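*Asks:* Residue numbers (this note's numbering), protein chains in the order written: chain P, 1 to 271; chain Z, 1 to 281.
A couple of the hints might just be wrong.
Claimed, not checked - Simulated crosslink set (EDC-like; lysine to aspartate or glutamate; CA at most 20 Å straight-line):
1) Z:270 with P:134
2) P:269 with P:257
3) Z:270 with P:131
Stated by the list, open to error - Chain P side only, calculated, beta carbon under 8 Å to chain Z, not exhaustive:
4) 61
5) 79
6) 81
7) 91
8) 105
9) 235
None of these hints come from the bench; they were simulated from the model.
The structure presented is a predicted model; accordingly, all values stated were derived computationally and were not measured.
For glycine and all other residues, C-beta sits at the position ideal for the given N, C-alpha and C.
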Amino acid sequence: MADFALELLNLTCTFRSRQPGLPAYTAVADTSLCIRAGEFVSVVGPTGCGKSTLLNIGAGLLAPTAGEVRVFGERLSGINRRAGYMFQSDALMPWRSALDNVMLGLQYRGLPDSQARAQAQAWLERVGLGDFGDRFPHQLSGGMRKRTALAQTLALDPDIILMDEPFSALDIQTRQLMEDEVLALWAAKRKAVLFITHDLDEAIAMSDRVVVLSAGPATHPIGEFTIDLPRPRHVAEVRSEPRFVELHSQIWSVLREEVLKGYQQQLSKAA
Amino acid sequence: MNFWQRIRPQDGNLLPWQLGVLLVFLGVWQLASRDAQLAFFLGEPVQVAGRIWSWFLPWSVAPNALFPDGLAGMADIYRHLGVTLLETFLAFGIGTLLGLVFGLWLALAPLASAILDPYIKAANAMPRVILAPIFAMWFGLGIWSKVALAVTLVFFIVFFNVYQGVREVSPVVLANARMLGASHRQLLRTVYLPSATAWVFSSLHTSVGLAFVGAVVGEYLGSARGVGYLILQAEGTFDVNTVFAGIVVLTAFALLLDGLVGRIERRLMKWQPRQGETDRL
Chain P
1 MADFALELLN
11 LTCTFRSRQP
21 GLPAYTAVAD
31 TSLCIRAGEF
41 VSVVGPTGCG
51 KSTLLNIGAG
61 LLAPTAGEVR
71 VFGERLSGIN
81 RRAGYMFQSD
91 ALMPWRSALD
101 NVMLGLQYRG
111 LPDSQARAQA
121 QAWLERVGLG
131 DFGDRFPHQL
141 SGGMRKRTAL
151 AQTLALDPDI
161 ILMDEPFSAL
171 DIQTRQLMED
181 EVLALWAAKR
191 KAVLFITHDL
201 DEAIAMSDRV
211 VVLSAGPATH
221 PIGEFTIDLP
231 RPRHVAEVRS
241 EPRFVELHSQ
251 IWSVLREEVL
261 KGYQQQLSKA
271 A
Chain Z
1 MNFWQRIRPQ
11 DGNLLPWQLG
21 VLLVFLGVWQ
31 LASRDAQLAF
41 FLGEPVQVAG
51 RIWSWFLPWS
61 VAPNALFPDG
71 LAGMADIYRH
81 LGVTLLETFL
91 AFGIGTLLGL
101 VFGLWLALAP
111 LASAILDPYI
121 KAANAMPRVI
131 LAPIFAMWFG
141 LGIWSKVALA
151 VTLVFFIVFF
161 NVYQGVREVS
171 PVVLANARML
181 GASHRQLLRT
191 VYLPSATAWV
201 FSSLHTSVGL
211 AFVGAVVGEY
221 LGSARGVGYL
231 ILQAEGTFDV
241 NTVFAGIVVL
251 TAFALLLDGL
261 VGRIERRLMK
271 WQPRQGETDR
281 L
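Next comes chain P alone, as it looks inside the complex (with noise of 0.2 Å):
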């Protein structure tokens, strides 16, 4: 059983609306979703459809209404200390400059500056922002902003890493970039990854596993597809392949629907 890093189970998250008399709203129902040690799983779903709310509750920063969540076999409660989270906006302290921000979780931990420092500038140089450390965040790029809290979460070296979108707010040629370079890390260290987008390419070129989610409410998964391309991966080239053609065709057919069923709801709530 321990091989599973993460194990969600029996998910079920239910947010009560903070107006009374409006009727509670199921995030995600009856989920349940195992990433083996070392695994890429990607998260596919429509927007709005509680990718979010799925990955904070393996973060420990949501607690579910019903399940369970298991990481490395043991009972999750409070905060998971053995993950690294990355945001889908901007999670840097605006008043630490690029080298603090990295640091922080060192210090946290604890350890003396002078250690943290040291091993906050070597995961900066990894990320190839070596001589911006003592920039603040909004003197870098967002491609560069990217990066710093790439290595702020890469720096504590968790065993498993959960990413929300990390890359939809960067251009397209910035966040090939980025995919290419969190594969190649990715592939050094071997950790379980949970991956959330609505970018079908990036995460069949990205995962082992790609995970279809339904629209909301009550969000459960309902395919689930295992992407046996050849590692190691360029994720510009790997687009061309007829394999991946073949996937992306395959999960298509299944997301199509929920992406309309999704686009739907959005029109009538709106109306």
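With chain P fixed as given, assemble chain Z onto it according to the hints.
*Replies:* Below, chain Z without anything else, positioned relative to chain P:
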């Protein structure tokens, strides 16, 4: 026409024009004060300048056309100015510290803030200058009654800003810090406090100004020292020139304090994006 083209107001010659406005103002004032009755109420710029000279400089001036009685070089304002500035700094320091502590506490204890909410609103709405007589009774006519008055002014500015600052900490930054393993204490030190400090700094200009106002108003309402006291004394003898001189000195020092705050702010808040800076880099 050509001449006008050269001297008309534009970006390059703002300073001469600004000085020109001052000179015209002083000139009109001086002309108006040739009428003895007007001079009684409006004062006389030359006399005001003479007053400031005597306050600040130790050199006497012999009787001349401008000053028929000559000018005594007293250099006696420093004691008063020192007291007023001491009150200002004390009030600013104490008020900021109290505001920071209470702001952090209430923002992180929602229940306490819900209970105290109406009283905070009431305390803020109250015209606090009215507390001056009470403080005079409690703390006497020395500096502490003025400090207390100014503290009540500074406290609420800082308090509300810290309260706001803590409440508006980005939830993502907070979640990120928690994921990186921050304890409650570390969250307070590395997330809430820096975030609140940013808000304190944005209110610094206002709170330094108010600390000054509190100190001077406190002195004006009853004291034995300070610039406010000088103005009060002068008013008692209908010495309008000295009142104006006091106003000029206070204004100059308010500007000086504001500039000082601006410098400190620029040094400490360099992590904040300023307009145009991102273009330059």
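*Asks:* State for each hint whether it applies.
*Replies:* Hint check results:
1. Z:270 with P:134: 12 Å, holds
2. P:269 with P:257: With a Cα-Cα distance of about 18 Å, the restraint between residue 269 of chain P and residue 257 of chain P holds, given a limit of 20 Å.
3. Z:270 with P:131: Status holds; Cα separation ~19 Å.
4. 61: 6 Å, holds
5. 79: 6 Å, holds
6. 81: It holds, given that the least Cβ distance between residue 81 of chain P and chain Z is near 7 Å, below 8 Å.
7. 91: 4 Å, holds
8. 105: 4 Å, holds
9. 235: 26 Å, violated
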